[in-house]
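Chains A and B, in that order, are what the protein sequence lines are. FYI, the working numbering numbers position 149 of the first sequence as 841, with every residue one higher than the one before it. FYI, the working numbering numbers position 7 of the second sequence as 407, with every residue one higher than the one before it.
Since the hints were derived computationally from the structure, they do not count as laboratory data. Mixed in with the good hints, there may be bad ones.
As the list claims (entries may be wrong) - Selected chain A positions facing chain B (in silico; Cβ < 10 Å):
| hint | residue |
| --- | --- |
| 1 | Ser760 |
| 2 | Phe771 |
| 3 | Asp795 |
| 4 | Ala801 |
| 5 | Gly814 |
| 6 | Val817 |
| 7 | Ala951 |
| 8 | Pro952 |
| 9 | Leu953 |
| 10 | His956 |
| 11 | Gly968 |
| 12 | Leu1007 |
Unchecked claim - Sample of chain A residues with no beta-carbon within 10 Å of chain B, all distances over it, derived:
| hint | residue |
| --- | --- |
| 13 | Gly735 |
| 14 | Arg828 |
| 15 | Met831 |
| 16 | Leu864 |
| 17 | Pro893 |
| 18 | Leu912 |
| 19 | Met984 |
As the list claims (entries may be wrong) - Coverage of chain B stretches by chain A, computed from C-beta distances (three or more under 8 Å per stretch; other residues unrestricted):
| hint | stretch |
| --- | --- |
| 20 | 827-836 |
| 21 | 978-991 |
What you are looking at is a predicted structure, and each value in this text was computed from that prediction instead of being measured. Ideal Cβ positions, reconstructed from N, Cα and C, are used throughout, including at glycine.
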Amino acid sequence: MIDTSLIDGLSIQVSQMLLVLLLSPLLTGLVRKVKARILRRRGPPLLQSYRDLIRLVRKEAIVAESASWLFRIVPYIVFATTWVAAALVPTFATGLLFSWSADLIVIIALLGSARFFLALAGMDVGTSFGGIGSSREAMIATLAEPALMMIVFTLALVAGSTQLSTVAGIMLSPGVGLRVSIGMALVALVIVAIAENARMPVDNPATHLELTMVHEAMVLEYSGRHLALLELSSSLKLLLYFSLIACVFVPWSLAPAGAPLHVHLIGAAVYVAKLGVAGILLAVFESMIAKMRVFRVPDLLGAAFMLGFLGTLLLFVSRSL
Amino acid sequence: MTNWAPLDVLLWCILAHLVTSGVAIPIGRVSWARWPVYGASLLISGVACAYGLMHLIAQSSVAWETVLPLGLPWIGAHFRLDALSAFFLVVINLGGVAASLYGLGYGRHESAPERVLPFFPMFLAGMNLVLLAADAFTFLLSWESMSLASWALVMTHHQEEGNRKAGYVYIAMASFGTLALLLAFGLMAGPDGGYAFATMRADGAPSGLAGLVLGLALLGTGSKAGLVPLHVWLPLAHPAAPSHVSALMSGVMTKVAIYGFIRLAFDLLGPISWWWAVPVLIVGAVTAVLGVLSALMQNDIKRVLAYSTIENIGLIFVALGLALAFQGNGMTAAAAVAVTAALFHVLNHSLFKSLLFFGAGAVLTATGERAMENLGGLLNRMPTTGLLFLVGSVAISALPPLNGFASEWLMLQAILLSPELPQWALKLLIPAVGAMLALAAALAAACFVRAFGISFLGRPRSAAASNAHEVDRISIAAMSILAVLCLLAGIFPAIIIDAVAPAVQTIIGTRMPVQTDIAWLSIVPIAESRSSYNGLLVFIFIAASASLAVFAIHWLASAKLRRAPAWDCGFPDGSPATQYTADSFAQPLRRVLGGFAFRVHEEIHVPLPGNGSPARLIVTVHDLIWEWLYEPLIRLVNVLAERLNHLQFLTIRRYLSLVFGELIILLLILASWT
């Protein structure tokens, strides 16, 4: 006899893994398109990111002479860890088969692994641009991670859990209501998401040949299939952060475990809509704001940290009073 | 062999170490001497490790005890083996096995083997003795022999000025630490002289003095473990020793200090008060952050590792502080999570820190360089060492699925249990400590990106680096064993947690729920709806998705690959000097965090146009603890020494009256005591 819940869980898990993989280039395309429209350009078609990936994959890869074996392995590691992390954040349903294998802290640490290897790859060829990217990425990550941990604490205090499906379930329950600390955590998480995804005002995803670039400087030496994997990974990461924000702060119509098929389909449709709204908001925000000087970034991330910390302290206070 | 009591076997092992040490003295200069000496240490440590492990996994609450007619005549030497000692015996002898194996290969390059070989087994014997000692006298004697043997090893290359200073600072700090422990044990023993641990355990600390004893224990064990501000000797002394001894000192000896703290605070001191947690948490968190920040500023690869040891000791003390807070409030389940996290991290740190020191030793053998600014590109020339060093770097940076992450995850879970604590001081303190833990973890990742990236990646910065060759097979075998253990402990944390459980049971009175029964070997500290982690599945997922990506790419993509000059935005420069260096990598963090912690000052001198002289960047970094705490202390000691100097030139009459006066004062004190 086969347990039907196992099959349900597995099918949800697999469909989510495919969904995030297939949707992520579209999300990047949408952000680019909306940004172009705001600048009154026509912009590339929505599907351009897919075409770019296919084009890159078909090209030959050029590897610098001084590169080591690590350089060629890193794209696979970065892609794998990001994909695993993205597969573990509930997007349209909470009944993921493997959601118990990792909680929010693990998901953050998986992204940390990806960043660790990407920073190493930036230093592998031995150019000044790669080094500058890695060193600045290390600074941003160092400041973003405590802020992120404070957000995790806030959520864990509200939900009594770091398991994302449990957190989403508790956020849906009427008892939570509107809380100041959750609002602070949301703002902090948005700031961290912007920094971690190398978006404006922390980093400009569209630039090259500028001393201010961070993420692009690390992947500067990559080409062909390696670059395609890294581009896909960064789209996946953006999607992951959107899913995370959606799952924790707007978990409406997330299909619970064991729900019938049409609830899942509605969940998926609403999820895509949420992504669309988030993508448009990001594009509008990025168009409105100027790139920040790199040594102003610590102030921004410090604000995120303080918001997360205040949120935690408020919860401590309100719990015992 | 089974009818031998494990404690007897372990004591015989210690004796065997001492005999090896004696044998090593006459044969020390011979070229083949390292084979019998390290071979014997390897074998003896292996036996001791096996017996420790057997006692630990037998899950028995039996403690073996024996009294030998050594030491003080009316006390004798008490020895005791319980689960806590057994756990630390496993950690220490595992480190001993690895270091002895590595020494077999690495020892070939030793210029003064007669200064290493006799002290190496003695050092191992001293550490084992501390773990088995069950009275204050034996404990302190073993503690001192451990300190002295390691001091002799630090002074191996005493011709170098820096090493002599390291040895001097080390011996001064070690004496201070022992003094603090001596006072702590003296207070515990009380006027009746109950020096046996069993008596102390039964009586507990004298009323009102528990806090003082805890403070002294923190000073005594903290100075050996490297807690800020008592850490100053550690980054000097650990790198000065030969690399396998550095690994033992950093990976293993600091754990003996942690054992000492656990034994005193959790076992001997009696009922735990919640406020003990406050100093331990604060000191631990500050140590963690300052340690790793200092590591980021260093250029010598072995000093980076030594400072990172300070960070990890801080993490372990934070977990122990959490355990004190929970235990002081009777929340034993939460205390068990915190202690398990601490012990798990003790094991993990001993594994990856030994691995990294071995890697640094391999780099030193291959290039003769410890300065990262002169390395680079070693991954192409030493691929195996590079891979193993990378495994150690990932593990120490607390990245899944390796072992460092599993223990830090447990620590964070323990922190998330803190809202249940009733005291306001702890409620406000612990989130701040959690934030510092996260900062330390992120800084550690940055630190090891830097350490690995500058040394092993990029282009070689010196001729030594470009002519490096892979090291011998024995060294690689020692490193490989540790790397595999790091991976195994990371993907099967449930097994480690269950193996550690008897030790946790001994000191907390309860343990974490049995983990190996849970499906798929997940770890679930409290409840599955609360949090769970499965290292095995995460590892399989990453491996599967990476393989899937490789498969898809090879199926769909162009397989062509061309080697070409680096692109570097169209301006590649042939000189390796244009690469990022260790200092330039740390610059953003130095600027953001260093101004506060080290009063970093950067001065840029750019010559006027037309002037061909090079531009200069002058960076001054202050070690504030040294400047504000130790330098005034040293000045004070010097002034006092000068004042007291004339006591050397008294007449015999005055000496006699001095002695008489002192006797009277002592007798008065004794009379007023009772």
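Hint by hint, here is what the structure shows:
Hint on Ser760/A holds. Least Cβ distance to chain B is approximately 4 Å, under the 10 Å limit. Hint on Phe771/A holds. Least Cβ distance to chain B is approximately 5 Å, under the 10 Å limit. For Asp795/A, the suggested interface contact is upheld, since its CB lies about 5 Å from the closest CB of chain B, less than 10 Å. Taking 10 Å as the C-beta contact cut-off toward chain B, the hint placing Ala801/A at the interface holds, the least distance being around 5 Å.
Checking Gly814/A against chain B: minimum C-beta separation of about 8 Å stays under 10 Å; hint holds. Look at Val817/A: its Cβ gets to within about 5 Å of chain B, closer than 10 Å, so that hint holds up. For Ala951/A, the interface hint is violated, since its Cβ never comes within 10 Å of a Cβ in chain B; the closest pair sits about 18 Å apart. A least Cβ separation of about 23 Å between Pro952/A and chain B goes past the 10 Å threshold, and the interface hint is therefore violated.
At a threshold of 10 Å, the smallest CB-CB gap from Leu953/A to chain B is about 25 Å, leaving the interface hint violated. A least Cβ separation of about 22 Å between His956/A and chain B goes past the 10 Å threshold, and the interface hint is therefore violated. The beta carbon of Gly968/A is not positioned within 10 Å of any beta carbon in chain B (closest approach about 26 Å), and the interface hint is therefore violated. Contact between Leu1007/A and chain B, as hinted, is supported at the beta carbon level, the nearest pair being about 8 Å apart and thus within 10 Å.
Look at Gly735/A: its CB is around 26 Å from the nearest CB on chain B, clear of 10 Å, so calling it non-interface holds up. Residue placement check: Arg828/A does not keep its beta carbon more than 10 Å from all beta carbons of chain B (closest about 6 Å). Its beta-carbon lying about 4 Å from the closest one in chain B, Met831/A breaks the requirement of being farther than 10 Å from that chain. Taking the minimum C-beta to C-beta distance to chain B, about 15 Å, the non-interface status of Leu864/A holds against the 10 Å cut.
Its beta-carbon lying about 17 Å from the closest one in chain B, Pro893/A satisfies the requirement of being farther than 10 Å from that chain. Distance check for Leu912/A against chain B: the nearest CB is about 7 Å away, which does not clear 10 Å, and the non-interface claim fails. Distance check on Met984/A: its Cβ is at least 14 Å (rounded) from any Cβ of chain B, clearing the 10 Å threshold; non-interface status holds. With 7 residues carrying a beta carbon less than 8 Å from a beta carbon of chain A, the stretch 827-836 of chain B meets the three-residue requirement, and the given coverage holds.
Residues of the stretch 978-991 of chain B with a Cβ under 8 Å from some Cβ of chain A number 10, which satisfies the need for three, so the listed coverage holds.
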